[in-house]
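J.: Sequence:
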Amino acid sequence: MSQESKPKKAPKAIWNDAETDALITYLHTERSKIGDSRNFKPQVYNDTATAITAHLTLGPIKTGGHCKTKWQSLKTIYHIIENYCLHTSGTHWDNQIGAGIEGKATSDVWDAYMEKKANHVMCPYRNTGWTYYTQMQEIMP
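So the sequence shown is residues 1 to 141, counted in the UniProt record's numbering.
Hints in this document: simulated from the structure, not taken from any laboratory.
You may find that some hints are simply not true.
Derived CB-CB ranges, DEER-like [as the list claims (entries may be wrong)]:
| id | residue 1 | residue 2 | range |
| --- | --- | --- | --- |
| 1 | Ile-61 | Glu-102 | 26 to 32 Å |
| 2 | Asp-111 | Thr-50 | 18 to 24 Å |
| 3 | Pro-141 | Asn-16 | 24 to 30 Å |
| 4 | Thr-128 | Thr-50 | 42 to 48 Å |
| 5 | Ile-14 | Ile-97 | 25 to 31 Å |
| 6 | Ala-54 | Lys-8 | 39 to 45 Å |
| 7 | Asp-17 | Glu-102 | 24 to 30 Å |
| 8 | Ile-14 | Arg-38 | 39 to 45 Å |
| 9 | Ser-107 | Asn-16 | 15 to 21 Å |
| 10 | Gly-59 | Thr-131 | 19 to 25 Å |
| 11 | Thr-76 | Asp-108 | 22 to 28 Å |
| 12 | Pro-42 | Ser-89 | 37 to 43 Å |
| 13 | Thr-53 | Ile-97 | 33 to 39 Å |
| 14 | Ser-89 | Thr-134 | 36 to 42 Å |
List time: in silico DSSO-like cross-link candidates among lysine-lysine, alpha-carbon distance up to 27 Å [unchecked claim]:
| id | residue 1 | residue 2 |
| --- | --- | --- |
| 15 | Lys-9 | Lys-41 |
| 16 | Lys-104 | Lys-68 |
| 17 | Lys-116 | Lys-75 |
All values derive from a computational prediction rather than experimental measurement.
Glycine residues also receive a C-beta, built at the ideal position from the N, C-alpha and C atoms.
Put together the whole structure using the sequences plus the hints.
T.: So this is what it looks like as structure tokens:
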């Protein structure tokens, strides 16, 4: 009986802050190329991978696929923050202090929002801003 070899998974990307900064900065310069689905064409991700190579400190060299996946995760954070600000009564967002949770009332609103598992990516921003929020606002159509 022959065993079929399973395709090897590509090594998992490990992102450092400098690479993430470079990715956002590069995509910001290419924001005119974003499509209706708020994604870029594959060539933009490939070009991004080339642009951020100098910032690599750990893990594999980033590919266009890695850059696209990172972009997707950044979009998720952005959309969850936007949803929190626009559709949750009694909320606040500030790039310095994030959601600025102080006191019982705001804590209760925050806790209710965090009950949904998908919103957990926003946990680090309870009282800390998100470095990329302004650039993401400018990139997203």
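J.: A separate judgement is required for each hint: does it hold in the structure or not?
T.: A quick look at each hint next to the structure:
no. : hint                         : verdict
1   : Ile-61 / Glu-102: 26 to 32 Å : violated, 43 Å
2   : Asp-111 / Thr-50: 18 to 24 Å : violated, 43 Å
3   : Pro-141 / Asn-16: 24 to 30 Å : holds, 28 Å
4   : Thr-128 / Thr-50: 42 to 48 Å : violated, 32 Å
5   : Ile-14 / Ile-97: 25 to 31 Å  : holds, 29 Å
6   : Ala-54 / Lys-8: 39 to 45 Å   : violated, 27 Å
7   : Asp-17 / Glu-102: 24 to 30 Å : holds, 27 Å
8   : Ile-14 / Arg-38: 39 to 45 Å  : violated, 25 Å
9   : Ser-107 / Asn-16: 15 to 21 Å : violated, 33 Å
10  : Gly-59 / Thr-131: 19 to 25 Å : holds, 21 Å
11  : Thr-76 / Asp-108: 22 to 28 Å : holds, 25 Å
12  : Pro-42 / Ser-89: 37 to 43 Å  : holds, 40 Å
13  : Thr-53 / Ile-97: 33 to 39 Å  : holds, 34 Å
14  : Ser-89 / Thr-134: 36 to 42 Å : violated, 24 Å
15  : Lys-9 / Lys-41               : holds, 23 Å
16  : Lys-104 / Lys-68             : violated, 39 Å
17  : Lys-116 / Lys-75             : holds, 18 Å
Hints 1, 2, 4, 6, 8, 9, 14 and 16 from the list above are not met by this structure, while the remaining hints are.
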